[in-house]
Amino acid sequence: MVKYIGKRIVYMFITLFLIATASFFLMQTLPGSPIASYNKLNDTQKAIVEKKYGIDKPKPVQYAIYMKNLAKGDLGTSFVFKGKSVNDLLATRLKPSLILGAQAMVFGTIVGILLGMLAALKHNTFWDYGSTFFAILGISIPSFVFASLLQYWIASEWHLLPVGLWNDGWKSSVLPSLALAMGPLALSARFIRTEMIEVLNSDYIMLAKAKGANGFEIAFKHAFRNALIPLITVLGPLAAGLVTGSLVVEQIFAIPGIGEQFVSSIMTNDHATIMGTTLLFSAFLIVVIFIVDILYGVIDPRIRVSGGKG
Amino acid sequence: MKRSKWLILMALTLVLSMFLAACGGSKNEEKPAADGDDKDKDAATEEKKHAKDEDGEPDAEQVLYLSERAAIPSVDSSIVEDQVGFNVLNNINEGLYRLNQDNIAEPAMAAEEAKVSEDGLTYTFKLRDAMWADETPVTANDFVYAWQRAIDPATGSPYGPFMMSGVVKNATAISEEKMEVSELGVKAVDEKTFEVTLERPVPYFLSLMSFGTFYPLKEEFVASKADAFATNSDNLLSNGPFVLTKWDGTGGSWTYVKNEHYWDAENVKLDEIHVNVVKDPATAVKLYQDGKLDRAEMSGDLAQQYRDDEEAVVQPETSVFYFKFNQERDGKETPLANVNIRKAIAKAFEKEDMADVVLANGSLAANFLVPTNFAFDENEKDFRELSGDHLEYNVEEAQDYWKKGLEELGVESLDLEILGGDTEASKKMDEYFKSQLEGNLEGLKISLKEVPFSVRLDLDGNQDYDIQVSGWGPDFQDPISFMDLFVTDGTNNLMSYSNPEYDKLIEDSKGELALKPEERYEAFAKAEKILLDEDAAIAPIYQRGLIFLHKPYFKGLVDHPFGADYSYKWAYISGK
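These protein sequence lines are chains A and B, in that order.
Residue numbers for the first sequence follow my numbering, beginning at 150 and rising by one.
Residue numbers for the second sequence follow my numbering, beginning at 67 and rising by one.
No wet-lab data here; the hints were simulated from the structure.
A short list of chain A residues far from chain B (calculated; beta carbon distances all over 10 angstroms):
1. I154
2. V159
3. K206
4. E366
5. S431
6. I452
In silico BS3-like cross-links for lysine-lysine, where the CA-CA straight-line distance does not exceed 27 angstroms:
7. B/K335 to B/K617
8. A/K320 to B/K642
9. B/K235 to B/K582
10. A/K195 to B/K244
11. B/K291 to A/K200
12. A/K217 to A/K195
13. B/K244 to A/K206
14. A/K221 to A/K208
15. B/K181 to B/K582
16. B/K192 to B/K324
17. B/K582 to B/K570
18. A/K320 to B/K617
19. A/K370 to A/K360
20. B/K258 to B/K284
21. B/K447 to B/K595
22. B/K181 to B/K284
23. A/K244 to B/K312
24. B/K642 to B/K617
25. B/K291 to A/K195
26. B/K570 to B/K595
27. B/K291 to A/K221
28. B/K244 to A/K200
29. A/K201 to B/K244
30. A/K320 to B/K312
31. B/K235 to B/K284
32. B/K284 to A/K201
33. A/K201 to B/K291
34. B/K494 to B/K417
35. B/K235 to A/K195
36. B/K324 to B/K258
Idealized CB from N, CA, C, for every residue including glycine.
Modelling step: build the complete structure from the supplied sequences, incorporating the hints.
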């Protein structure tokens, strides 16, 4: 197990290294200069500024310098936010996105799983159809529609929660989290329902029933656990996406998160910030996938994580 | 003809109403005023607002809630180059002059009007007894330091050399590292006397003094903060009406608090201004309606939806948008090097519909380069009255020019590209141009290229386009801010336009006519006529306007035609 984890961690760094390399060179193909005021500077100034940011050097040298700093955990200086380190920028912007994403994930999965179980246990009844309908809505309607609807009814019309902004404590986070939660909620509900129905019809459940295990025990201990495997596979990457911010939902609720920052950094050619955000996203995704793989083993001991000799 | 126009109009209305119904307006309107940073507003709207301002004593609670469309990239006065940054600077710091409620530059850090030498080359400013927020006095050295810092090429100031070159003595040479920074034409005669020597007489020099780049900086403070200077609100020193607080340097909110050490603090009524970044205008409107914002900008579909709201205020700006016709691409002459082709295109699209139906945000159709309500002569007459209209929409004439142009080129049809922005509003606009131009000029085929702002700057810099939708917002209050753009080899020309006669007129306005205001304005009028009527070097489209929702209890806001957008110094809450 330890060997496996060690190996995985090495792979994770290699992946991150490859991503950093690829995005570094891809970014160089972006048209336009990263220096926002480029057309206002005279040639002397341009030379000085380019030197200051190190973009006067040949690309491979720039790459080497970037990688060296990256190894030290330094993501460089933003071109847009003058004189500010990308590390700080990401840190301040990530917080709201993390909170929203985590809340959405926890709420969405729990409610989704409950709905899915309800549907599976009350297969082909009103409960099943109701929750299925709800799940289909959740999957097919994009989160920004929910965001707008929630904002309109709950905030603008009924004044229960703030319309937007990030200055009202936990209240500010409720509506955006709910809007973001619809995706994982619907997904969990669908997966759990399908898997549980299948599991509930399998032989070993019959056996468990025959042995006199009660309904509750069967549902949770056997059926649910087995239904979790495929769910975790899809939820992992979804979670990485959620906690790293959603452009649209952040815009609708005027939340200073990282999703919005990522897009605007691309629009303004802010190379250091683009790199920083890309790497952050990738790191999240890689770590989540790793955690998911570990979880497989925890949930289902039949899945061998140590590989090879076992 | 008539009928097809109606058809287009109807189609447009239909499309627009579909947009409205479908997405309630979560789109961002084009914000960057192309090449020029669009830091400009206007006084013309004040009618409606002044009417509201007449009544009402200030309330006990003086707290204002506002939004900005972007975060603050920097508040280092040498580095600031964007709208939000200049706006913050204007409210937390102060230069020798400040634009007053009537948008006239009046002494601020200067105690009295500057003394100007006979030849118009030396300006002497006596400073008032003003304090920095750390209770140290503002001295002449603070100005010397700030100006030298801005012109020092090592600072990388976008506006330092841009504003000072050819104006302040030796500025150009210093910015090119050909002279020492200390040789800049500025001097602290004594602690309270600041003297500036100019390269040539500059009639609008005093209006520059309200511009952020020329604000003072306390050397000791800047040096002690080193790289951390101006990176968050703890590392800033204010000498203006407000102090910036709760700004972490990259975040989406900040607060202005009244500066008790400001020399005119007794006239500052607001205690706090809370600002949040709200990028989506639809969200801003919802926050406004919920009472969380006291003012919200509207754009695109929203503007159309709310333009008749009783709290809606139209605010014409001084940014002007136009087609740039590139005459040389990849080292070869383009069809647009032909003056008849340029004239044909310039006259072949209806501008009124463009402004009223497509933009529908209070923008005006433009038959000019220098905007209305911006530059005034000695008798306060608008420059526009002097110069009149140019290149008006006229299909018959356009078609005549078109035929002539095609003959001269020896071709029957032309394929041209329009380069524009990638926002919803710009795309809608480009579609409109395409349909108008292709419909009115037989044999013209337009392809659209819609790219982000940074890419457009790049293409502009490399002259890699045929026709570009571009715009300019002025940096100071003088027609030259616009006219200077199109002199031969002007840094923003970038379309190979060159007319010696035009160049001569602009040169004269800076030289022999500099101290003759009347003849100078006539020279500008003549130059504008050459640029537009004779050469059709560019084709004006519209002068931008904005529509805001503005709470009736929010009074005394002053918006400016150039430099920073707003002064909150005189603003107050009454009857909330």
